[in-house]
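With the hints as constraints, model all of the structure from the sequences given.
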Amino acid sequence: MIALPPPKAETLAHRDEIIAALRAIVPGEGTISEPIRLKPYETDGLSAYRQPPLAVVLPTSTEQVAAVMRYCHAQGIRVVPRGAGTSLSGGALPLADAVVIGLMRMNRILEVDFEDRLAVVEAGVTNLGITRAVEHEGFFYAPDPSSQLACMIGGNVNMNSGGAHCLKYGVTANNLLGLKFVTPEGEVVEVGGGHLDAVGYDWLGLMTGSEGQLGIITEVTVRILRGPEGARAMLAAFKGTEIAGQAVDAIIGSGIIPVALEFMDRPCIHACEAFAHAGYPLDAEAMLIIEVEGSLQEQDDLLARIKEICQRFDPISLKVATSTEESVAIWKGRKGAFGAVGRISPDYLCMDGTIPTGELPHVLKRIGEMSEQYGLKVANVFHAGDGNLHPLIMFDANDPESFRKAETFGADILKLCVEVGGCLTGEHGVGVEKRDLMPVQFAPHELAQQRKIKSAFDPGWLLNPHKVFPLESAAR
Amino acid sequence: MKLIAPASEAELAAVVAAAAAAREPLAIEGNGSKRGLLRPVQAAGTLSTRNLSGITLYRPTELVIAAWAGTPLAEIEAAVAEKGQMIAPEPPDTGALFGTDAPSTIGGIVAANLSGPRRISAGAIRDHVLGIRFVNGAGEVVRSGGRVLKNVTGLDLCKLLTGSHGTLGIITEVTLKVLPRPETAATLAVRVPDLTAGVRVLSAGLGSPFGVTGAALLPEGPTALLRLEDFAPSVSYRADRLTGTLEAFGPVELIQGEASADLWRRVRDAAPLHAAPEEAIWRVSVRPSAGPGVAASLPEARTLLDWGGGLVWVAGPATQAMHERVVAAATAARGTFLLFRAPEPLRATVAVVPEEPPGLAAIAARVKAALDPAGIFNPGRLRAGA
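Respectively, the protein sequence lines represent chains A and B.
Numbering of the first sequence is given in the numbering used here, commencing with residue 2 and proceeding in unit increments.
Numbering of the second sequence is given in the numbering used here, commencing with residue 642 and proceeding in unit increments.
Please keep in mind that the hints were generated in silico from the structure rather than gathered at the bench.
One or more of the hints may lead you astray.
Claimed, not checked - Here are the simulated DSBU-like pairs of lysine-lysine, each with C-alpha atoms no more than 30 Å apart in a straight line:
no.	chain 1	residue 1	chain 2	residue 2
1	A	K169	B	K724
2	A	K240	A	K308
3	A	K169	A	K453
4	A	K320	A	K378
5	B	K1009	A	K453
6	A	K366	A	K406
7	A	K240	A	K320
8	A	K308	B	K1009
9	A	K366	A	K336
10	A	K453	A	K378
11	A	K240	B	K724
12	A	K378	A	K366
Here's what the structure looks like:
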């Protein structure tokens, strides 16, 4: 278990009083304090870490969030924000003396404006819920993290979530226009709005990806886009990871930006094929799934160009979907990758580093060596266009030694990502999981600079104080 | 005024540390091409990044380029063009507007977050900054971001520094995302009765599945322009389909090749507003559908609408009264404004950008102090006394 800051005795001693005060702000079912009902809030998508909070409040308005924040600020009580709890980095992990503010009841779509191509939604609307609200006019909200059915837009903003299609459409930060949030001192602030690019400090950009360190996001204005006429996928399998990497370089170098460009290594291909029977070539060392968009004739033109490029790299097989059904079949294995790995191993850790794409063969070779050294299997999926690598490390959670080794193996992979010019996390966030690795990527004075900005928003370090920054350096 | 232009980042950091110790304010610039932007800075010395120049990394297949802040934008654009790539937000050339031939540096473009017509489809400069190095007010070299396309490690100081106009730190190196330069471009032009009808044309284009990468309204006509960029077969197909959609609004003219490129350079640089150098120029950003209303409420001004109607370039008398009317129009439309060009006395008198949002003023002051504790960077550039 990762170290958490010691609970404030003062807060724990006044538990009943605090809960009564919270109940006065968020009445009825909106304030939760019974231990059995706190249980669902003790963890998130990184379920190895668990800690029940002091209490949970489920406000229904920005005003309620502000009142809770003002109260907690006045009393010096720690606060942890939570959306759907799908974080893979422990982003929603509570503290024993913290009040969790859950945004899931703030789930209204406040405005949809097709002419100006935007939607204003509360933080607890799910990612897919936005698309559902606009798709009848052919529009969609572009970032598509794999948890999009459950994850909420407030959490997406806090983690700057990506997805399989961000090579073309960008990540959350590139698809936002405005935010309403509550500061740690309980002030309601609006930044941005329906327009682009306010002159002055980019508060919208700073808040995005701030992992709940700077404020509680309650409303989000997102850009919505008109969807393409259609999309189609192809599959290309190669004899080696290096040559597959060269094919990726050649595709990008030719001026084509596919909407998705996914890479799977041999263990991943085998796991997915056993699970999904998608017809993946089992003799390949590496496989690409490449998706393009446009009208049928545009798809044909692009897929022909990509196929021609792939043919230069001695492919084992090339399969271009001729229908939507065939595209779905090609994606089926990749989309089930996590489930597929879950089937062959009782537990796995999903890592999330980013590397310069040219370093892929070197990094995969080193990960293979580490896998042997730790005696743990690993399967790699990789957003090849943008360098975001997801090694899935398989272990047995019932064996503490196996879990410890898996964590060390994961940390070694992330250190390698930084060493080759990449970073610790491409889309999952630092959370608690990678908190103690931050000094690998940042010098002490660089972390201090970030902490000073955190302090400017949250002088008392009451908001999520156990995340992003190593504990020993967290206290101002 | 004393000009210091260090030849290395370390030397620049030492100059800052000394100025901080002495509490001597510094004006920060590259080549000074945008000295006419925002408020005049009260500082005895100017610190320039112009001698920190050169491309430090370019990996076309990884879509990434890095350069020292003082590198001329033109040098970077030439280097990426050679590999068939581009800086997608197409930052404007402001030389004619500010009456200078000093070349824009990449550091200045990032510090001003200036983006052109492609902003609506490809994102702003701030969306393409992958990493920066900057010198903070304590004279420390700080890195944020990196050289990869996807990175959420720690607070995003790249976003905070981009568009901060040298008031939070001196950007010394930037790493940018680059994209393939489209093989072909074409423009569809529709003569419209008024700006409101024009924005309807632009919205029809931007709400279509055809990937419009530019949507502007030229004052002559007025004329609605929609740009398509991609491989030739795609552009030709989409131009046909989009023409079919737009014919409901009036006859559609197809403009190709150099004529199309020239149109978008004129939009990018707000060339239709260059005629009267004595006039002030504002940039107002609102919801696209509110753009025509902003223009209509300023009948004595000449306007050019970009970003689907959401960016209103305004040229008019350089007076305080006119400024107040532009601000009122932007505020009524719940948008934002920037007094882009004006004689120094006007710039020194009025608020050239909106105040910080209510509730954020104290935090903004603390953020400034967190980066520039001695308050030496570009005092008064964005707002009086800040």
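Comparing the hints with the structure gives:
1. A:K169 to B:K724: Status holds; Cα separation ~20 Å.
2. A:K240 to A:K308: Holds - the C-alpha atoms of A:K308 and A:K240 are around 16 Å apart, at most 30 Å.
3. A:K169 to A:K453: This hinted pair is violated, its Cα atoms lying about 34 Å apart.
4. A:K320 to A:K378: Within the cut-off at roughly 29 Å; holds.
5. B:K1009 to A:K453: holds, 10 Å
6. A:K366 to A:K406: holds, 19 Å
7. A:K240 to A:K320: Status holds; Cα separation ~15 Å.
8. A:K308 to B:K1009: Outside the cut-off at roughly 52 Å; violated.
9. A:K366 to A:K336: holds, 24 Å
10. A:K453 to A:K378: The hint is violated at about 41 Å.
11. A:K240 to B:K724: holds, 29 Å
12. A:K378 to A:K366: holds, 14 Å
Going down the numbered hints, you'll see the structure goes against 3, 8, 10, while the others check out.
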